[in-house]
Each structure stands twice: as structure tokens, then as C-alpha cells.
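Chain by chain, the residues run as shown.
Number of protein chains: 2
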Amino acid sequence: VEDDDAEGARALVAPLHPADIADLFELAPADSRAALAAALADLLDGDVLAEMNDWVRDGLIDALEPHQVAEIAGELDTDDAVAIIEDMEEDDQRAVLRALAPDDRAAIEEALSYGEETAGRLMQRDLIAVPEHWSVGDVLDYLRSNEDLTTDFWEIFVVDPSHKPVGTVALSWILRTPRGIAIADVMAREQTLIPVDMDQEEVALRFQKYALISAAVTDQSGRLVGMITVDDVVHIIQEEAGEDILKLSGAGDGDINEPLRDSYSARVRWLVANLGTALVGSSIIAFFGAAIEHMVALAILMPIVASIGGNAGTQTMAVAVRALAMNQLTQSNTIRTIKREIMIAALNGLTIAVLIGIGAALVFQNHHLGFVIAAAMLINVIVAGLAGVLVPVLLERMDQDPAVASSVFVTMITDSMGFFAFLGLAVASGIVPSA
Amino acid sequence: VEDDDAEGARALVAPLHPADIADLFELAPADSRAALAAALADLLDGDVLAEMNDWVRDGLIDALEPHQVAEIAGELDTDDAVAIIEDMEEDDQRAVLRALAPDDRAAIEEALSYGEETAGRLMQRDLIAVPEHWSVGDVLDYLRSNEDLTTDFWEIFVVDPSHKPVGTVALSWILRTPRGIAIADVMAREQTLIPVDMDQEEVALRFQKYALISAAVTDQSGRLVGMITVDDVVHIIQEEAGEDILKLSGAGDGDINEPLRDSYSARVRWLVANLGTALVGSSIIAFFGAAIEHMVALAILMPIVASIGGNAGTQTMAVAVRALAMNQLTQSNTIRTIKREIMIAALNGLTIAVLIGIGAALVFQNHHLGFVIAAAMLINVIVAGLAGVLVPVLLERMDQDPAVASSVFVTMITDSMGFFAFLGLAVASGIVPSA
Numbered sequence: 523v524e525d526d527d528a529e530g531a532r533a534l535v536a537p538l539h540p541a542d543i544a545d546l547f548e549l550a551p552a553d554s555r556a557a558l559a560a561a562l563a564d565l566l567d568g569d570v571l572a573e574m575n576d577w578v579r580d581g582l583i584d585a586l587e588p589h590q591v592a593e594i595a596g597e598l599d600t601d602d603a604v605a606i607i608e609d610m611e612e613d614d615q616r617a618v619l620r621a622l623a624p625d626d627r628a629a630i631e632e633a634l635s636y637g638e639e640t641a642g643r644l645m646q647r648d649l650i651a652v653p654e655h656w657s658v659g660d661v662l663d664y665l666r667s668n669e670d671l672t673t674d675f676w677e678i679f680v681v682d683p684s685h686k687p688v689g690t691v692a693l694s695w696i697l698r699t700p701r702g703i704a705i706a707d708v709m710a711r712e713q714t715l716i717p718v719d720m721d722q723e724e725v726a727l728r729f730q731k732y733a734l735i736s737a738a739v740t741d742q743s744g745r746l747v748g749m750i751t752v753d754d755v756v757h758i759i760q761e762e763a764g765e766d767i768l769k770l771s772g773a774g775d776g777d778i779n780e781p782l783r784d785s786y787s788a789r790v791r792w793l794v795a796n797l798g799t800a801l802v803g804s805s806i807i808a809f810f811g812a813a814i815e816h817m818v819a820l821a822i823l824m825p826i827v828a829s830i831g832g833n834a835g836t837q838t839m840a841v842a843v844r845a846l847a848m849n850q851l852t853q854s855n856t857i858r859t860i861k862r863e864i865m866i867a868a869l870n871g872l873t874i875a876v877l878i879g880i881g882a883a884l885v886f887q888n889h890h891l892g893f894v895i896a897a898a899m900l901i902n903v904i905v906a907g908l909a910g911v912l913v914p915v916l917l918e919r920m921d922q923d924p925a926v927a928s929s930v931f932v933t934m935i936t937d938s939m940g941f942f943a944f945l946g947l948a949v950a951s952g953i954v955p956s957a
Numbered sequence: 523v524e525d526d527d528a529e530g531a532r533a534l535v536a537p538l539h540p541a542d543i544a545d546l547f548e549l550a551p552a553d554s555r556a557a558l559a560a561a562l563a564d565l566l567d568g569d570v571l572a573e574m575n576d577w578v579r580d581g582l583i584d585a586l587e588p589h590q591v592a593e594i595a596g597e598l599d600t601d602d603a604v605a606i607i608e609d610m611e612e613d614d615q616r617a618v619l620r621a622l623a624p625d626d627r628a629a630i631e632e633a634l635s636y637g638e639e640t641a642g643r644l645m646q647r648d649l650i651a652v653p654e655h656w657s658v659g660d661v662l663d664y665l666r667s668n669e670d671l672t673t674d675f676w677e678i679f680v681v682d683p684s685h686k687p688v689g690t691v692a693l694s695w696i697l698r699t700p701r702g703i704a705i706a707d708v709m710a711r712e713q714t715l716i717p718v719d720m721d722q723e724e725v726a727l728r729f730q731k732y733a734l735i736s737a738a739v740t741d742q743s744g745r746l747v748g749m750i751t752v753d754d755v756v757h758i759i760q761e762e763a764g765e766d767i768l769k770l771s772g773a774g775d776g777d778i779n780e781p782l783r784d785s786y787s788a789r790v791r792w793l794v795a796n797l798g799t800a801l802v803g804s805s806i807i808a809f810f811g812a813a814i815e816h817m818v819a820l821a822i823l824m825p826i827v828a829s830i831g832g833n834a835g836t837q838t839m840a841v842a843v844r845a846l847a848m849n850q851l852t853q854s855n856t857i858r859t860i861k862r863e864i865m866i867a868a869l870n871g872l873t874i875a876v877l878i879g880i881g882a883a884l885v886f887q888n889h890h891l892g893f894v895i896a897a898a899m900l901i902n903v904i905v906a907g908l909a910g911v912l913v914p915v916l917l918e919r920m921d922q923d924p925a926v927a928s929s930v931f932v933t934m935i936t937d938s939m940g941f942f943a944f945l946g947l948a949v950a951s952g953i954v955p956s957a
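Heads up: the protein sequence lines correspond to chains B and A, in order.
Quick note, the first sequence lines up with residues 523 to 957 if you use my numbering.
Quick note, the second sequence lines up with residues 523 to 957 if you use my numbering.
No wet-lab data here; the hints were simulated from the structure.
Heads up, some of the hints might be wrong.
[Unchecked claim] Anything over 12 Å on all C-beta distances counts as not near chain A; from chain B, calculated:
hint, residue
1, Asp545
2, Ala585
3, Gln615
4, Arg627
5, Asp682
6, Leu697
7, Asp719
8, Arg728
9, Gly764
10, Ala821
[Unchecked claim] Have a look at the derived ranges for each label pair, beta carbon to beta carbon:
hint, chain 1, residue 1, chain 2, residue 2, range
11, B, Gly530, A, Val802, 49 to 59 Å
12, B, Ala704, A, Glu712, 20 to 30 Å
13, A, Asn888, B, Asp553, 26 to 36 Å
14, A, Ser635, B, Gly744, 17 to 27 Å
15, A, Asp784, B, Lys686, 30 to 40 Å
16, B, His685, A, Glu712, 32 to 42 Å
17, A, Arg711, B, Asp719, 35 to 45 Å
18, B, Asp553, A, Glu723, 47 to 57 Å
19, B, Asp707, A, Tyr664, 19 to 29 Å
20, A, Lys861, B, Leu538, 49 to 59 Å
21, A, Arg745, B, Pro537, 23 to 33 Å
22, A, Arg616, B, His685, 39 to 49 Å
23, B, Gly744, A, Lys861, 20 to 30 Å
24, B, Gln853, A, Asp923, 27 to 37 Å
Note that CB positions come from ideal geometry on N, CA and C, so glycine has one too.
Generate the whole structure from the sequences, applying the supplied hints.
Below is the structure:
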């Protein structure tokens, strides 16, 4: 549509919300995005770019000259400008910074000086801070008389003479309070302060826990340096909560707009790691090769024990990873949670063991085999439950991300234990000669 | 600590934020929560309960008399009161409703009349709506002179004479605009309206996409009936984004505070379903029993092909489920995404096939076996990639939740195809006699 009738397309797209225009670009095939950008050049402003998927945006930004990027970044709040610039290559980044107005450049350079994914990158510098001794009327006059103040705020911060935050006032309070009342009398003194170097995941948890709309960001000496608003945090909450599923399955960033090469490299690394764990399972099978040659039913049944163990382990692991991410699983309830998971595993294991035991005994007309697979299943499901909670908890204790590495270990444990318990019990119980 | 010195404990806990008191209850062992509640009875108010994990709250609520629950619910906003009451059993719910003040009861009954997990349950009724013809000064006077208005608002809604919303004004605009200006001149006419029966997941996506702080909720005839604020949506975003990982692994609600019986029943159902899929894989192995008896190396290697296929399928599936949940994968880019995933799968498959092919040829001193496993691996990883995106997409088209059911199907496909391709190729290539 777009290529034939650029004017018509522009008329259709112009009234849309920036987020919808951004969606349009994301849904367009990668190779026609540049043409679309050319056709809609004047609509492709900072707000649209700020809403766009990282990968799609990077593709478009790469095609722009540094001064064009600088122009777009100059229109945006610091936090959105930083989001656009932070992923550029260093040379391009420097070129864009040089092309920016000095005050924008200083603000963005300062933001870039904080670590990636910290509060310092998320915050915006434009905020309203007033001294304690002002009245509500003083605040209203100040807001009305200063044309160049931001309008993007929901709370006002009250600071002491050294610019440390002492309280917060929601705008609804200011609106409902007579002019003569001191701001110090309506402000909430209890407030959640965000240190500038706090990880964004922790910032998101604070916002969620305390139902914040905005929060003051303070530097090492406790002075107010910026503010984070909930609309910036909502993206983080989405991302952080959603990325565990991708990490746990080893899908990297898992974005359908990610370049093929990046997706390949993230995923193949994971598959190679899993090839390693699969080899552990295979060597256990190899050890019992003679038993399998003697009774091929073992080869038929052994994947079932491993597979159900793997599923049970994944269930427990998903629960544990989620609880760790939400700060629900802490030192004080680890033991209780482990006991709980073992109980569930024992119940699950018993149920499945009875089913498969009876089934195998009937199909192979061999009740010894039924007992062996039932016992192996029970053992493996309980081990899976234990591993599913212990592995993520231990990784967390060692400051590793439990979502990333847990799966490889848990699968290795459930596979190996499944083969070992089943084949080992088969040999030990004497239904096949020992290897 | 708490049992010995109730007074001391109260002094410690009293200054905490309701969310922190709620955390304290969650971290306490289940059987000591009642004692803790007794010791901290006066601190255990509606705000604390509203912040609490559903399961922990239900446990505490069950121990309370209906009039006590009614008292707590009466203090809360409608949305929080509904959250507490909606999970109660019907008899208890009725008793609580009877004990409520008539206006609270009417509001809560109306909210309960909307479906679970809809905008109607999430919204609060207390909001500020003003007529179009008012000036900023009128609004200020109205807000200052009505003592019983809510202070929990960030935007004001402007309505026409039939109470349909026509615009929204952020409080910062009202604060920065002289009294004489008409409200219609400062309001934003473009606004996101939420129909009262919209699913909460869709509400959360709207809030995220358009960076909303609050939004008007309208009934079937388009009249303003309530408002949803971002702090209520943040919980939903967290939950919805996080629950895919639990669904995909069949862990049910996956909450560590869920009663054991519920966890068991959710998980065992999943394991039984997976037992069914494992049996499909086993029957394929059984079909090739003679080949395995002839060459035990096949039994040793076959789980590797199935396992890597399973991992590759899970990766693609996680990416697809996530993209579907974020509305990123739509009709218009399905074909492109499928092609992309097949490309990645082909690259991954080739890499792993080369590794395992060379490895198997060397270990078993049989380069025919190396070729067979390499070919089977390539086929299975590509099939896994295809299944990983097709299964969730098809389930979504059939209005099923792709996160819940995809995993069973994809695993069945990768397991069966792994065994079939490997054992089938081994027989077809003649390295073992046919079955």
C-alpha cells in the first residue's frame, strides 16, 4: 500500500497515536521499513521512536545521519533520548552527542555515565522541586509563572536547603488545599527514595510494591537528582516479568525483531550446553548397554522416566524462579518452600508411578518391570522437585541469575537420575543380568 | 519473636508500610499467621490485606467473622474491596455483603456483576468528572469545596451532558493554567476509553502501550462508569507477563503460598498429560525394538536427538508465546516469523548435527552412524522450530491460551520425530536390519 501512494498513506497514518505508528513499523517487513520511513519522514518523530521495539528502532536509526538523530533526541525527555542513543555504536554515539545542544548533551552524557539498566538511565531530570517553607499558593504561582517547566509530572518533591528530598505531594492534594496552607503540612513525609545506581528490576519491584506514580532519585549524598515515573517502569515490569520465560528456555532476548544472527548465536549456545547434559544421560545408558541388549523394553521405557522427571523439575523450577524474581522466596522461607515442593513431588511421583507401573506390568506382562519403573519414577520425580527448587535458590545465593542457568542443571539431573534409577534398579532387582 | 512479646512486636511493625506488613505475613509460616494476626489485629487493616498475596489473604479472611471482613472492606476503594471479597465462598460472600453499608454493598455487588478479570472488577467508582463548560477556576473551587471527594486521582475526566467522556486533563495542566481558561481548552480530546467488559490483560496492554496513568471506563452506552489507575494495572502486568512461564511449564498458579492440594492437582494433571505424550514416543521406539536389540548404540544416542529437539522447540515456543502475549505476532507477520524461525532452526540444526555427527562417528567408530544421527538431528531441530511457532499460533487462532497447551504438543512432536527420524534413518540406511 505504502509504496504506491505515499500521500494517501500519510493521511491515514497522521492521526494515529505514536505507539500505533511504532506498531505499524514493527509489523512491516524488515526490508520495507526504510521505504516506509522515507514516506512518513515527518511523522517519524521522537515519540514514535521511543515507543518502538529496540531492534526495529536500531535498524531505522542506523539509516539516519547523526544530526538527524540528534534533532530527534533533542525533542525527547532525557530518559527517552538515552534509550535511543544507548544502543548505538560508540562512534555514532559520539557523533550524535556532538550534534546535540550543549544542555541536552550534558544531560544525556550524565545519564550514560550511570550503569546500564540502573535508575540513573531511567530517570528524567525535569521535575518540580520546591522548598519546605513555601505555601500551596507559592507553589501554584511558581507553576503558573514559569512557562518552561515540564508538564509531565504527577507529584511535586519538597526539598531541604541542601536539595535533599523531605517529602512528596500528590497534585490532587495541592488542588484540594487552600492557598494559605504550608506545603510542609500536606506533603507525605514517608516516601520511597530510589538511589541513582539501583538496578531497574529493583526499581520496578518498589514501584509495584508501594503502588508509586513517581519517585525521587537521589545521588550518593542523598540529593535529589531526578525522578522516575510509573509509565517508564511499566515497560520494565513487562520486560523483566516476561523475560524469565525466555531465559529459562534459553531463547536469549527472544524478540521476533532481533537480527537472525543474534538469535542464532544466543540459541545455539544453549543447545550446545544441552548437548553436553544429554551426553551425561547417554553415558549412563551406555554403562547399562548390556542390560538393554538383554531386554529391549528397558530402552522403550527409559525415556518416559527421564521425560516425566524433566517435566516435574521444570514445574518446580518455574515456580521457584518466579518466586525469587518477585522477592517472595527469601532466606526465611526457603526451608519451608523446599519441604512444600518435596511433598508435592512425592504426591505427584506416587500418582504417576502407580499409573506407569500398572501400565508397564500389563503391556510387557512383567510385574517386576512394573515395580522397577514405578520405583524409578517415584525417585526421579522427588529428585526433580528437590532439584527444581534447590538449583535456582543456590544460583541466586551465588549471585547468578536463576532463570538463565537453572534449566541446564535441572534437566541434567532429571535425565541422568531417570536413566540411572530405572536401569540401575532393573539390574539390581535381577530382572536383567548385571552389565 | 512475635508470640512472646506482642507489644514489642507491634511497636516494631506499626511504622511499616502496609505492603511491608503484608510481606511479613507472607514470610511467616502458615500455621503462625493466625497468631500473628491476633497480635497485630489493629494493624491488619484493609490496606495491608489489599497488598497481600491472594492465598495468604484468603487464609486470614477465612478466620474472620463476616462483620469483620465487611468492616475492612468498607474502608477500601471498591476495586480493593472486590479483590478481597471475590475469592470468598458464595455463602461467606453473601454474609459479608449483608453486613456492609448499603452504598458500599451496591458498589461491590455491581463490580461483582462484571466477569472475573475484566475492567469492571478493576475499576474504582470514585473519580472526578466535570462538565465541558466549566473553567479551570470552577474545577479548583469544586475540588476545594467538596470535602468528601477522593484524593486518589491523577487526571480529571470531562463529560458531556449524557455523562459520556469527551476529554481528560492531567492535574499538572490544571495547576499550570490560569483560572479563567475553559477546561475544554486544556483537555486532551484523544483518550483511551476502556469498555467495562474488556479483559484485564488487554487493559494492561493499553496502559503500557499508551503510557497511561489513568483511564476512563465506559459502559455499553458509552457513559463514564469508573476509572482504572495505573497502580492497579501494574499488578496485572506483573502477573500476566509472569504467568506464561508457569503455564508453559504446567505449574498452575505456581504460587508458593498456594494450598498443597491445589498445587498437586494442577501439576499432576500436567504430568499425566505428558505421560501420554511420552507413551507416543515410546511406541515409536517399540516399533524399532529389533533395530535397538541389534545395535545398542541406537538406544544410547536416541535420547540426545529427542532432547535437543525438545530444547529447540521450547526456545521457539517461548519466543512465540511471548510475542503473542505482547500483540507483536499478528496475522500480518506470521508467515515472516515462521520463515525466520525455520532459518534459525536450520542454522542451529546444522551446528548441532555436525557436532553430534562427528562425535558419534568417533566414539562408536562408525561414520554411517554419524551421518544418520546428524541427519536425524537436523530434521528434528527444524521440525522443532516449525512446531514451536506453529502450535502456539494455531492455538491462539482457535482461541486457546497458547501458553497452556503448546508445551504438551510441541514436546510430543519433538520426542516422536526425534526417535522416528533417528531410528527410521538407521533402518532405512541399512546400518541395522529392518524391524
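Now the hints, each set against the structure:
1. Asp545: The claim breaks: aspartate 545 of chain B does not keep its Cβ more than 12 Å from every Cβ of chain A (closest is about 8 Å).
2. Ala585: 20 Å, holds
3. Gln615: 25 Å, holds
4. Arg627: 26 Å, holds
5. Asp682: Consistent with the label, aspartate 682 of chain B stays out of reach of chain A, its closest Cβ about 21 Å off (over 12 Å).
6. Leu697: 5 Å, violated
7. Asp719: 23 Å, holds
8. Arg728: 10 Å, violated
9. Gly764: 4 Å, violated
10. Ala821: 4 Å, violated
11. B:Gly530 <-> A:Val802: 49 to 59 Å: Cβ of glycine 530 of chain B to Cβ of valine 802 of chain A: about 53 Å, so the range 49 to 59 Å holds.
12. B:Ala704 <-> A:Glu712: 20 to 30 Å: 38 Å, violated
13. A:Asn888 <-> B:Asp553: 26 to 36 Å: 45 Å, violated
14. A:Ser635 <-> B:Gly744: 17 to 27 Å: Check failed, 50 Å falls outside 17 to 27 Å.
15. A:Asp784 <-> B:Lys686: 30 to 40 Å: 48 Å, violated
16. B:His685 <-> A:Glu712: 32 to 42 Å: Given a distance of about 37 Å, which is inside 32 to 42 Å, the answer is holds.
17. A:Arg711 <-> B:Asp719: 35 to 45 Å: Holds - the Cβ-Cβ distance for arginine 711 of chain A and aspartate 719 of chain B, about 41 Å, lies within 35 to 45 Å.
18. B:Asp553 <-> A:Glu723: 47 to 57 Å: 32 Å, violated
19. B:Asp707 <-> A:Tyr664: 19 to 29 Å: About 22 Å separates the Cβ atoms of aspartate 707 of chain B and tyrosine 664 of chain A, which means 19 to 29 Å holds.
20. A:Lys861 <-> B:Leu538: 49 to 59 Å: With Cβ atoms ~28 Å apart, the hint is violated.
21. A:Arg745 <-> B:Pro537: 23 to 33 Å: Holds - the Cβ-Cβ distance for arginine 745 of chain A and proline 537 of chain B, about 25 Å, lies within 23 to 33 Å.
22. A:Arg616 <-> B:His685: 39 to 49 Å: 56 Å, violated
23. B:Gly744 <-> A:Lys861: 20 to 30 Å: At 54 Å between Cβs, range violated.
24. B:Gln853 <-> A:Asp923: 27 to 37 Å: 35 Å, holds
Checked against the numbered hints above, the structure breaks hints 1, 6, 8, 9, 10, 12, 13, 14, 15, 18, 20, 22, 23 and satisfies the rest.
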